[in-house]
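Read top to bottom, the protein sequences are chains A and B.
Going by numbering that gives the first Met the number 0, the residue at position 73 of the first sequence is 72; the numbering climbs one at a time, nothing skipped.
Going by numbering that gives the first Met the number 0, the residue at position 149 of the second sequence is 148; the numbering climbs one at a time, nothing skipped.
Check before you lean on any hint, since a few could be wrong.
Any copy will do: because identical chains look the same in the list, a pair fits if it lies in one copy or spans two.
Straight-line C-alpha distance at most 25 Å; calculated SDA-like pairs for lysine to any residue [to be verified]:
#	residue 1	residue 2
1	LYS182	GLY160
2	LYS266	SER158
3	LYS266	LEU43
4	LYS266	PRO38
5	LYS266	GLY145
6	LYS182	LEU165
7	LYS182	PRO157
8	LYS266	GLY103
9	LYS266	GLU281
Quick caveat, the hints were computed from the structure, so don't treat them as lab data.
Fair warning: this is a prediction, and the values are worked out from it, not measured in the lab.
There are 2 protein chains.
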Amino acid sequence: MISSMNFTDRVTELSQAKQSVLVLGVDPQLDSPQAPGVPTDYSLNRFCSEIIEACADQVVAVKFQLAFFEARGLDGMRALAEAMAFTRRLDLPVIADAKRGDIGSTSAAYAEAFLGRGNFASDAMTINPYLGADAIAPFLPYVESGRGLFVLVKTSNPSSGDFQDLPAPHRPLWELVAEQVHKWGEPFVGEAGLSSVGAVIGATYPAHAERARILMPRALILVPGYGAQGASAADALAAASDAPAPGVVVNASRAIMYAYRNDTSRKPPEAARRAAQAMRAELALALAQREG
Amino acid sequence: MISSMNFTDRVTELSQAKQSVLVLGVDPQLDSPQAPGVPTDYSLNRFCSEIIEACADQVVAVKFQLAFFEARGLDGMRALAEAMAFTRRLDLPVIADAKRGDIGSTSAAYAEAFLGRGNFASDAMTINPYLGADAIAPFLPYVESGRGLFVLVKTSNPSSGDFQDLPAPHRPLWELVAEQVHKWGEPFVGEAGLSSVGAVIGATYPAHAERARILMPRALILVPGYGAQGASAADALAAASDAPAPGVVVNASRAIMYAYRNDTSRKPPEAARRAAQAMRAELALALAQREG
């Protein structure tokens with residue numbers, strides 16, 4: 000069962016209990032000539048579930064990047080459904096990193112797919128704002144019943160400025176998206192003071208993140224780009240706010256799942272656990288230093 | 000097997016042979032209190048395959064809206080894979096209406112998922128430009144080997160102007176996206192003079208469509224919004240260019256699949272076929288009148 004507790008309240012509670020803002024990203028890479036996406040002797044299922052179990056007490060949620068499961072076809076989708084169910088049994092929130100968004104009737108189907116009750120049911124999902132308000136609206140009733148959204152505002156990739164940073168006309172496009180996210184989220188502020196309509200702001204753009212916090216004072220911000228994409232813990236926390244809750248959760252995917260490639264004396268789950276422990280601690284320290 | 004022929008050349012050839020610019024959209028709606036998404040006595044598989052077969056000689060491609068399959072979980076994904084395979088056996092191009100787009104390594108996985116060789120392999124797919132150039136780049140090698148892309152430029156929904164029409168700063172955002180689509184597509188112009196890096200322009204915005212054609216003279220434009228969303232055939236063809244090929248394909252989904260709800264003396268496939276025949280003819284006439 001998916002929790003009916005307000006999503007941000009649940010994340011905040013887990014964050015305080017575990018002293019963690021870390022999210023485990025499950026991104027089983029494609030097989031390449033350099034390295035297989037799933038370690039030798041592992042099935043995709045076992046790789047995902049052992050990594051999740053090993054990191055469970057270090058993280059506040061598990062984020063699944065849909066692309067890497069879709070790329071493996073029906074076997075991948077079955078593995079996704081199983082890994083999501085496994086995560087729920089560990090009492091961890093599931094985030095579907097789906098970046099969906101379409102005309103209203105289609106967005107309603109995406110919302111049902113990822114925030115409803117089916118095989119891919121999650122506690123929260125990422126959505127793309129390019130289609131505007133009526134593409135977002137069908138997701139909001141699910142927020143009303145406890146789910147969370149993370150709207151792409153400023154993404155972590157090098158080209159994110161191509162359109163997101165355009166002056167539109169007086170301020171960058173992403174700032175206008177951020178203002179809309181704040182408005183969409185106002186009815187959904189929980190007990191911790193945060194809205195379950197959150198945003199994605201890449202750790203690779205800390206100046207944007209500081210400004211984002213001003214534009215979206217209540218948003219729970221999901222931060223990709225820490226770890227494999229090169230951003231520091233301080234960069235990843237640039238949007239953190241003060242008490243009662245930092246309002247930021249920081250994802251790391253490859254740096255945890257593939258830690259065994261640089262930590263060759265350990266098996267994948269053990270290497271992942273050590274990487275997650277180190278990142279959790281590094282983020283907690285950076286957060287304490289910010290507040291201090 | 001997916002054809003290795005240039006995507007737009009294949010569509011153009013089918014368009015000339017069938018005197019059609021119609022695309023069948025397969026959008027099996029969610030069950031609602033008003034009506035079931037799949038007709039009584041039909042399975043999802045049978046509903047999709049009978050509609051596709053009944054309309055096959057009227058259309059130039061079949062577009063699958065992923066959301067409606069994802070909303071049905073693993074059963075839906077299996078039905079999607081089967082319906083896509085069935086479509087290929089009828090020698091019709093498959094378009095995955097996925098609207099994906101993410102950071103580079105993730106876009107690479109989406110490209111493999113929908114333009115590669117797996118269960119969801121398609122001839123073309125729709126992608127979302129909000130993340131910028133490096134999120135598009137991983138799709139381009141697949142275009143090199145014969146696949147097609149439709150980049151969301153101006154979508155058909157009522158709120159599409161929220162961000163797409165913002166002055167950014169001197170011209171609307173969507174026009175800047177259109178210019179990029181033109182640049183991304185330049186290396187992939189086929190024998191018919193059209194690029195396999197195409198665009199989505201909603202039929203509900205014909206003035207935008209006329210301007211889009213100027214900005215993207217070579218793009219194959221996929222036009223949603225004709226039929227159930229209320230745009231006329233003339234509106235749907237506003238981006239059509241002259242010889243040798245109109246460079247436009249027009250999607251209709253609900254108006255074909257659910258024609259049986261208004262044509263109650265016929266079974267779903269027969270009602271769909273009649274609706275597709277009427278739309279094909281209406282579009283062909285409107286195209287001839289434009290050229291005349």
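Quick rundown of the hints versus the structure:
1. LYS182 / GLY160: both (23 Å within a copy, 17 Å between copies)
2. LYS266 / SER158: The answer is neither: 35 Å in one copy and 50 Å across copies each exceed 25 Å.
3. LYS266 / LEU43: within (15 Å within a copy, 43 Å between copies)
4. LYS266 / PRO38: Only inside one copy: LYS266 and PRO38 sit 10 Å apart there, 51 Å across copies, limit 25 Å.
5. LYS266 / GLY145: Neither, since 37 Å and 41 Å both go past 25 Å.
6. LYS182 / LEU165: Intra 21 Å, inter 18 Å, cutoff 25 Å: intra and inter.
7. LYS182 / PRO157: between (28 Å within a copy, 19 Å between copies)
8. LYS266 / GLY103: neither (46 Å within a copy, 28 Å between copies)
9. LYS266 / GLU281: within (23 Å within a copy, 63 Å between copies)
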